[in-house]
Amino acid sequence: MEESHQEEQSENFDTLQEDSGLGSISINNEVVANIVAMAAKEVPGVVGLASGGIKDDIAGLFGGKRDSSSAVSISEAADGSYHIKAKLILTFGVQLAKVAQSVQEAVRDQVENMTNKDVSKVDVIVDGVRREDAASPEETETE
Numbered sequence: 000m001e002e003s004h005q006e007e008q009s010e011n012f013d014t015l016q017e018d019s020g021l022g023s024i025s026i027n028n029e030v031v032a033n034i035v036a037m038a039a040k041e042v043p044g045v046v047g048l049a050s051g052g053i054k055d056d057i058a059g060l061f062g063g064k065r066d067s068s069s070a071v072s073i074s075e076a077a078d079g080s081y082h083i084k085a086k087l088i089l090t091f092g093v094q095l096a097k098v099a100q101s102v103q104e105a106v107r108d109q110v111e112n113m114t115n116k117d118v119s120k121v122d123v124i125v126d127g128v129r130r131e132d133a134a135s136p137e138e139t140e141t142e
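Mapping of the sequence shown onto numbering that gives the first Met the number 0: position 114 corresponds to residue 113, and the numbering continues sequentially without gaps.
Worth double-checking, as some hints may not be accurate.
[As the list claims (entries may be wrong)] Calculated cross-link-like contacts (lysine to any residue; reagent style SDA-like; alpha-carbon spacing at most 20 angstroms): (1) K116 x I24; (2) K97 x V125; (3) K84 x K120; (4) K120 x F91; (5) K86 x I124; (6) K120 x A76; (7) K84 x I34; (8) K86 x N33; (9) K116 x A49; (10) K116 x A96; (11) K116 x P43; (12) K86 x A96; (13) K86 x Q109; (14) K40 x G79; (15) K97 x I24; (16) K86 x V42; (17) K40 x Q103; (18) K116 x F91; (19) K86 x R107; (20) K84 x Q103; (21) K40 x D126.
These aren't lab readings, by the way, just hints derived from the structure by calculation.
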């Protein structure tokens, strides 16, 4: 079990960017996940990120921060580009496919702009819908 935990850490720790001539530049995948979360939340029709599971739900009950990286996964394609998956809660009544496509574009543009690295794929999983006025306190605080 520890072996799989160790493998998960190294997979999510950093992504080698490039050698700048002065040394290598690495960007932690959690940073990329935060960029994805922030870009997605700026799109009209997005309530927030989906819960990362029971651990996040319990943390939310006790005033802890939800882990945005659990609703977002970052992997690297063979060509070195990012493959991003994001689980989102969208606003009840919106056109889900249109909002999801807007999220894909916003995430791609923001990640490519900030990391100077290509994004090959942005998969959006609509994990639920909620009325905007029913947003949880954790989601409201981060907006």
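The hints, checked one at a time:
1. K116 x I24: holds (12 angstroms)
2. K97 x V125: With a Cα-Cα distance of about 12 angstroms, the restraint between K97 and V125 holds, given a limit of 20 angstroms.
3. K84 x K120: holds (8 angstroms)
4. K120 x F91: Not OK: K120 and F91 at ~26 angstroms, beyond 20 angstroms, violated.
5. K86 x I124: Status holds; Cα separation ~5 angstroms.
6. K120 x A76: The hint holds at about 9 angstroms.
7. K84 x I34: Judged against 20 angstroms, a Cα distance of about 13 angstroms means the pair holds.
8. K86 x N33: At roughly 13 angstroms apart (the allowed maximum being 20 angstroms), N33 and K86 satisfy the hint.
9. K116 x A49: violated (26 angstroms)
10. K116 x A96: Roughly 26 angstroms separates the two Cα atoms, so the pair is violated.
11. K116 x P43: violated (25 angstroms)
12. K86 x A96: holds (14 angstroms)
13. K86 x Q109: holds (17 angstroms)
14. K40 x G79: violated (26 angstroms)
15. K97 x I24: Violated. K97 to I24 sits at ~35 angstroms, over the 20 angstroms cutoff.
16. K86 x V42: Given pair K86, V42 holds - Cα atoms ~14 angstroms apart, limit 20 angstroms.
17. K40 x Q103: Measuring from Cα to Cα gives roughly 12 angstroms; hence the hint holds.
18. K116 x F91: Distance ~34 angstroms between K116 and F91 Cα, so the pair is violated.
19. K86 x R107: holds (15 angstroms)
20. K84 x Q103: Satisfied, since the Cα-Cα distance of roughly 10 angstroms is no more than 20 angstroms.
21. K40 x D126: Roughly 14 angstroms between the alpha carbons, so the hint for K40 and D126 holds.
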